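Enquirer: Order-wise, the sequence lines are chains A and B. Take the position in the first sequence, starting the count at 1, then add 24; the result is the number in this note's numbering. Take the position in the second sequence, starting the count at 1, then add 5; the result is the number in this note's numbering.
Hints are computed from structural coordinates only; laboratory data are not their basis. Treat each hint with caution, since some may be false.
[To be verified] Subject to a maximum C-alpha distance of 20 Å in a straight line, what follows is the list of computed SDA-like cross-link-like pairs (lysine to any residue): (1) B:K95 with A:F250; (2) B:K95 with A:R89; (3) B:K95 with A:H72; (4) B:K144 with B:K231; (5) A:K343 with A:R73; (6) A:K147 with A:P422; (7) A:K424 with A:Y379; (8) A:K424 with A:V392; (9) A:K343 with A:L384; (10) B:K95 with A:G248; (11) B:K144 with B:L159; (12) B:K144 with B:E128; (13) B:K95 with A:P159; (14) B:K95 with A:R73; (15) A:K343 with A:D423; (16) A:K459 with A:P159; (17) A:K147 with A:P306; (18) B:K160 with B:L82; (19) B:K144 with B:A207; (20) A:K459 with A:E227; (21) B:K160 with A:G265; (22) B:K95 with B:D145; (23) B:K95 with A:Q249; (24) A:K459 with A:S231; (25) B:K42 with B:K231; (26) B:K95 with A:E441; (27) A:K147 with A:D300; (28) B:K221 with B:W206; (29) A:K200 with B:P87; (30) A:K134 with A:A358; (31) B:K160 with A:Q262; (32) B:K160 with A:K200.
[Said to hold, decoys possible] So the derived list for chain A, only partly shown, Cβ under 7 Å to chain B, looks like this: (33) R73; (34) A258; (35) R284; (36) P289.
[To be verified] Just some of the chain A residues that point at chain B, by a computed CB distance under 8 Å: (37) G111; (38) T286; (39) A287; (40) V388.
As the structure is a computational prediction, the values presented were derived from the model and not from experiment. All C-beta atoms in this analysis are idealised placements derived from N, C-alpha and C, irrespective of residue type, glycine included.
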Amino acid sequence: MSFDSYYNEMYLADGSVRSHYRPLAEWIAGTPAEHIQQLRQAAHLLFHRVGITFAVYGEEAGAERLIPFDILPHIIPAAEWRDIANGLRQRAKALNAFLHDIYHDQEILKAGKVPSERVLENKQYRPEMAGIDLPGGIYAHIAGIDLVRAGAGEYYVLEDNLRTPSGVSYMLENRKMMMRLVPELFARQSIAPVEHYPDMLLENLRSVAPNGVENPTVVLLTPGQFNSAYFEHAFLAQQMGIELVEGADLLIRDDTVYMRTTAGPQRVDVIYRRIDDDFIDPQAFRPDSMLGVPGLVNAYRTGRVTLANAIGTGVADDKSIYPYVPEMIRFYLAEEPLLNNVPTYQLRLEQDLAYVLEHLAELVVKEVHGSGGYGMLIGPASTEHERAAYRQRILDAPDKFIAQPTLSLSTCPIFVEQGIAPRHIDLRPFVLSGKQVMMVPGGLTRVALREGSLVVNSSQGGGTKDTWIVEN
Amino acid sequence: MLSRTASTLYWMARYVERAENTARILDVTYRMSLLPKAAKFSDQEWFAPLNITGTLYPFSGRYSTVTARDVMHFMALDPANPSSIFSCAKAARESARAVRGNITSEMWEVINSTWLELQHVTEARLSGERALAFFDWVKDRSHLFRGVTVGTALKDGAFYFNRLGTFLERADNTARILDVKYHVLLPSVEDVGGAVDYYQWAAVLRSVSSFEAYRKVYRDVITPVKVAELLILRQDMPRSLHACMDEAYEIFQMIATRYSGEALRRAGELHAALHFGRMDVIFDHGLHEYLTDFLGRLTELGSEVDRSFFNVAYA
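Same shape as in the complex, but just chain A (with noise of 0.2 Å):
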């Protein structure tokens, strides 16, 4: 399969450098090959001596890997951007409005427009939420909005995360660590900054604090230093100048939540969470979580906690609810998508089932509440035998899985050993809502590293990229 067929991000049809990776273009032709192999090498040890590593589910406790970094930047312009943002705005506001929705009066349900058993049957769907009315009306208060580009150059949205997107703090620490290695690219181009996330985050957390809390105690609450992501949470914490606590350092009396320090109990009144619902509270869900912090869920209920995200918002990124972003756009903003969803097919439903048996070859199979590009059949890379296994998989269960076209992702060149190389990307931009919805420019760029892979996932093989949003 030629990459000619792919939308290439850096350079036009016919060759030519599309007009804003110009700059780029000609620093990579004015600089000497070698030059740009110790700047890929520096980057690797500055990444190591930071301590930038994630862990790694599997391996001996506690194994920790780098991600690999690509010096090469993912570029958009500025125009380009504002119009992507706005659909992002767009989609954030109405998948809070969803949730809001779904946990009071159910209107979209009534309507008609989402079939009830999707949403009250999930196991997603949190009863416990049901009538609790949050401050702003804010579920989602930090999302990772998946983005790829196909075709002819269209963005589509891949996929809502709303329960604990991670990746931002490689999107800061790849933007420092270009600046520091080749600040002579931020001279040739106008680049918008991401550096005040930590505080845009902050802000908007404190903005959804317990009504009538004057100066709001925000804490961090990690799972721990064995968690893939537990780099993130320290960096965040550290960046935001707030605690980073366990679940064993808070304690709850009388529904409020307290963290044991040196002084003795300090009230929290907003908890930027990074453990998931069925861990949060072992006395409202998994009683076998050491992780979480017992009567917490009750304290929640009081109004007397804010919880960044909210519990119960899984429903709303489910891959099954996916399909109903665009009329969820339609009914609660009375507005048209400006953002495309990817076409999908519902294994539940008979025709789209049918069709998709007969097209297995051509399409990506996905389990609904699969995450992290774990358990999915990417159609025209399998072999008729794992197409033979997965269809007896899909056939026990078709409701557990939906299906997608092929998409052709588009690419972006990486520096591989003999030069530069096209390898396929794809887009996670953090939208934050609170009093307002907010965002920085860009997001974190993913990249398969692998030649002619799909899959993007750290977890996977994928590495990132700098994102640079700039003025032409």
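Using the hints, position chain B against chain A.
Expert: Coordinates of chain B only, in the frame set by chain A:
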């Protein structure tokens, strides 16, 4: 500040200091082992580091004889020995990682890169003249950590718990190093006050970087009483028990909470005994007995730190 964070910072500093002092203990033993002695005493001084760190028992379970090579390996690189330099560096690094948000990037980088570099240290680095260079490297990394701490960290609670760990651990280790001399036998009774005795005391001084200070302060030959005075009672000697407790007592005052009265009282008691102590009384009591008693009281103070700050039973 968060109790868990305070505890982790305190232990991080203790592990760094302990790694340094283990290097110092090995350094003094190595220097003593180079002194002339009768063949029947060969390697006898290598019992000393095991005795004073209380690790003779775990050692004997893993090695059959007490030799320079085995003791150095056990105390420097053996991951099965929780107080080896290797284990201390690992524990310090794990602690630092757990409190990344409460230390400066520079502090983290020193601890992290020390740990990364230590992965490549093999036993070859512990033989002959390379051993002393290795001990120097360990000491340098520890100096660097403290320098970076003082030079970059905000003087808040995190800083004070870090420093408290440093000084309590250092007091403990200086007492133990001074006690090495008790455990290293002289070839015979006639050697008391002789050349070997002199060189052994000089080695103790060198191991705590106090040889030059001794000359400056006393302008005299090296005598046991003065060495002990320098390392116990001299307030201006940075590794002396008095200096360590000066710092620790001041920190206890800075971090005092309504739960920490007993810790402050015990620290004050220990400090006052050093501040108003006299050398002749200590020697009448017996130096070894004095040091043993001091170490016991320091351990009690450590338990009180835990009760007062880290595992507070809130009323």
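Enquirer: Below or equal to 20 Å on CA atoms is what counts here, so check K160 (chain B) against Q262 (chain A).
Expert: Distance ~16 Å between K160 (chain B) and Q262 (chain A) Cα, so the pair holds.
Enquirer: CA of K95 (chain B) to CA of G248 (chain A), is that 20 Å or under?
Expert: holds (18 Å)
Enquirer: K95 (chain B) and R73 (chain A): Cα distance at most 20 Å?
Expert: This hinted pair holds, its Cα atoms lying about 15 Å apart.
Enquirer: What's the verdict on K144 (chain B) and A207 (chain B), does the C-alpha distance respect the 20 Å limit or exceed it?
Expert: holds (19 Å)
Enquirer: Is K95 (chain B) within 20 Å of F250 (chain A), Cα to Cα?
Expert: It holds: about 15 Å lies between the C-alpha atoms, which stays within 20 Å.
Enquirer: Is K343 (chain A) within 20 Å of L384 (chain A), Cα to Cα?
Expert: Holds, at about 18 Å.
Enquirer: Measure nothing beyond the straight line between the CA atoms of K424 (chain A) and V392 (chain A); if it is 20 Å or shorter, mark the hint as holding.
Expert: Measuring from Cα to Cα gives roughly 5 Å; hence the hint holds.
Enquirer: Take a quick look at whether K144 (chain B) and K231 (chain B) sit within 20 Å of each other, Cα to Cα.
Expert: violated (25 Å)
Enquirer: Need the status of pair K95 (chain B), P159 (chain A): alpha-carbon distance at most 20 Å?
Expert: Roughly 44 Å between the alpha carbons, so the hint for K95 (chain B) and P159 (chain A) is violated.
Enquirer: Please work out if K95 (chain B) and Q249 (chain A) have their alpha carbons no farther apart than 20 Å.
Expert: holds (14 Å)
Enquirer: Do the alpha carbons of K160 (chain B) and G265 (chain A) lie within 20 Å of each other, as the hint requires?
Expert: holds (15 Å)
Enquirer: Under the criterion that the straight-line Cα-Cα distance not exceed 20 Å, is the pair K95 (chain B), H72 (chain A) satisfied?
Expert: With a Cα-Cα distance of about 16 Å, the restraint between K95 (chain B) and H72 (chain A) holds, given a limit of 20 Å.
Of the numbered hints given earlier, the model fails hints 4, 5, 11, 13, 18, 25, 26, 29, 32, 37 and 40; all others are met.
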